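Trainee: Work out the full structure: start from the sequences and follow the hints.
2 protein chains.
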Amino acid sequence: MKKPVLLALLCCALPLSAQAQFAKPEDAIKYRQSAFAVMGTHFGRIGAVVKGEVPFNAAAVTANAEIVAALSKLPFDAFGPGTDKGGNTKAKAEIWTEQDKFKKGATDMQEATAKLLVAAKSGNLEEVKKAFGATGQSCKACHDNYRAK
Amino acid sequence: MKKPVLLALLCCALPLSAQAQFAKPEDAIKYRQSAFAVMGTHFGRIGAVVKGEVPFNAAAVTANAEIVAALSKLPFDAFGPGTDKGGNTKAKAEIWTEQDKFKKGATDMQEATAKLLVAAKSGNLEEVKKAFGATGQSCKACHDNYRAK
Numbered sequence: 001m002k003k004p005v006l007l008a009l010l011c012c013a014l015p016l017s018a019q020a021q022f023a024k025p026e027d028a029i030k031y032r033q034s035a036f037a038v039m040g041t042h043f044g045r046i047g048a049v050v051k052g053e054v055p056f057n058a059a060a061v062t063a064n065a066e067i068v069a070a071l072s073k074l075p076f077d078a079f080g081p082g083t084d085k086g087g088n089t090k091a092k093a094e095i096w097t098e099q100d101k102f103k104k105g106a107t108d109m110q111e112a113t114a115k116l117l118v119a120a121k122s123g124n125l126e127e128v129k130k131a132f133g134a135t136g137q138s139c140k141a142c143h144d145n146y147r148a149k
Numbered sequence: 150m151k152k153p154v155l156l157a158l159l160c161c162a163l164p165l166s167a168q169a170q171f172a173k174p175e176d177a178i179k180y181r182q183s184a185f186a187v188m189g190t191h192f193g194r195i196g197a198v199v200k201g202e203v204p205f206n207a208a209a210v211t212a213n214a215e216i217v218a219a220l221s222k223l224p225f226d227a228f229g230p231g232t233d234k235g236g237n238t239k240a241k242a243e244i245w246t247e248q249d250k251f252k253k254g255a256t257d258m259q260e261a262t263a264k265l266l267v268a269a270k271s272g273n274l275e276e277v278k279k280a281f282g283a284t285g286q287s288c289k290a291c292h293d294n295y296r297a298k
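Heads up: the protein sequence lines correspond to chains A and B, in order. Residue 1 is where the first sequence starts when you use the numbering used here, and the numbers rise one by one after that. Residue 150 is where the second sequence starts when you use the numbering used here, and the numbers rise one by one after that.
These aren't lab readings, by the way, just hints derived from the structure by calculation. All figures in this text were calculated on a predicted structure; none of them were measured in a lab. Warning: the hint list may mix true and false statements.
Stated by the list, open to error - With a straight-line cut-off of 20 Å between C-alpha atoms, the simulated EDC-like cross-links for lysine to aspartate or glutamate are:
| id | chain 1 | residue 1 | chain 2 | residue 2 |
| --- | --- | --- | --- | --- |
| 1 | B | Lys173 | A | Glu53 |
| 2 | B | Lys250 | B | Glu276 |
| 3 | A | Lys73 | B | Asp233 |
| 4 | B | Lys222 | A | Glu66 |
| 5 | A | Lys24 | B | Glu202 |
Claimed, not checked - Chain A stretches covered by chain B per the calculated footprint, using a threshold of three residues with CB under 8 Å from any CB of chain B:
| id | region |
| --- | --- |
| 6 | 101 to 114 |
| 7 | 126 to 135 |
We treat Cβ as the ideally placed atom computed from N, Cα and C, and that holds for glycine.
Mentor: Given below as structure tokens:
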């Protein structure tokens, strides 16, 4: 085994250091966009309930929140060095020059989705609305800073 | 509330009947492709272990198998009527003319991924190899029949 691969594996505590696991930048970009797309779809379904377009069903909201919370953990390992270019990405260069701030934004969002799941399980629509709003804010914070229009 | 919406919601037992939840065929196509892309990435990481390219780490394989099993449940609700066209899809028309067979293929794959997760948790590489092979066969069966080259 080549040394760089071995080193990458040694660093591979959970959560998986996935950035070393993409063969090409395009693969990482496609992966993170896909994870965000799936997450966004299920987040949007909770949004439809929050907006009153779909009646509140705690089981359905919980199922969506489970997916959102699980998916929230995936994309960020795919923002490794060198993945700023290579596909059709809107990722701004600041992601790689403000790593601490970017990672804090990721953690904030993951924590918000965990709270959204707790709110969904509570069966209380007002709690869901509050947690949905907070999660949306956490999404928006990173989009405003790190996603090109 | 309009009647069709109400009817769609009444049918909305878990697993969510998501096909009614996409505004446009393109949205459903993007969603299912995204779910397959994320699933494929993590399945591929287990494949690298099975092929001996990456050393066996039961925790890492389990983490990947968890994601594969969870994601395996998502794409199929997005193959609703009218989603055969609208995006850059390789889905073949037979999906909609052989619904029973297609759904059986989906279920087979979901069951295979559940077994892969059990194998991963066993910590036994030989079990992982066997379950990985069976899961790969279940992927291939649908790709051969229902995905254009």
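Trainee: State for each hint whether it applies.
Mentor: The hints, checked one at a time:
The suggested pairing of Lys173 of chain B with Glu53 of chain A holds, with an alpha-carbon distance near 17 Å, which does not exceed 20 Å. Between the alpha carbons of Lys250 of chain B and Glu276 of chain B the distance comes to roughly 28 Å, so the proposed pair goes past 20 Å and is violated. At most 20 Å may separate the alpha-carbon atoms for a hinted pair to count; Lys73 of chain A and Asp233 of chain B exceed this at roughly 31 Å. At most 20 Å may separate the alpha-carbon atoms for a hinted pair to count; Lys222 of chain B and Glu66 of chain A meet this at roughly 13 Å.
A distance of roughly 17 Å separates the Cα atoms of Lys24 of chain A and Glu202 of chain B; the hinted pair therefore holds under the 20 Å criterion. Figure legend: the region 101 to 114 of chain A, annotated as covered by chain B; annotation inconsistent (0 residues with Cβ-Cβ distances under 8 Å, at least 3 required). Residue count for the region 126 to 135 of chain A with a Cβ under 8 Å from a Cβ of chain B: 0. That is fewer than the three needed, and the coverage hint is violated.
The structure fails to meet hints 2, 3, 6 and 7 from the earlier list, while all remaining hints are met.
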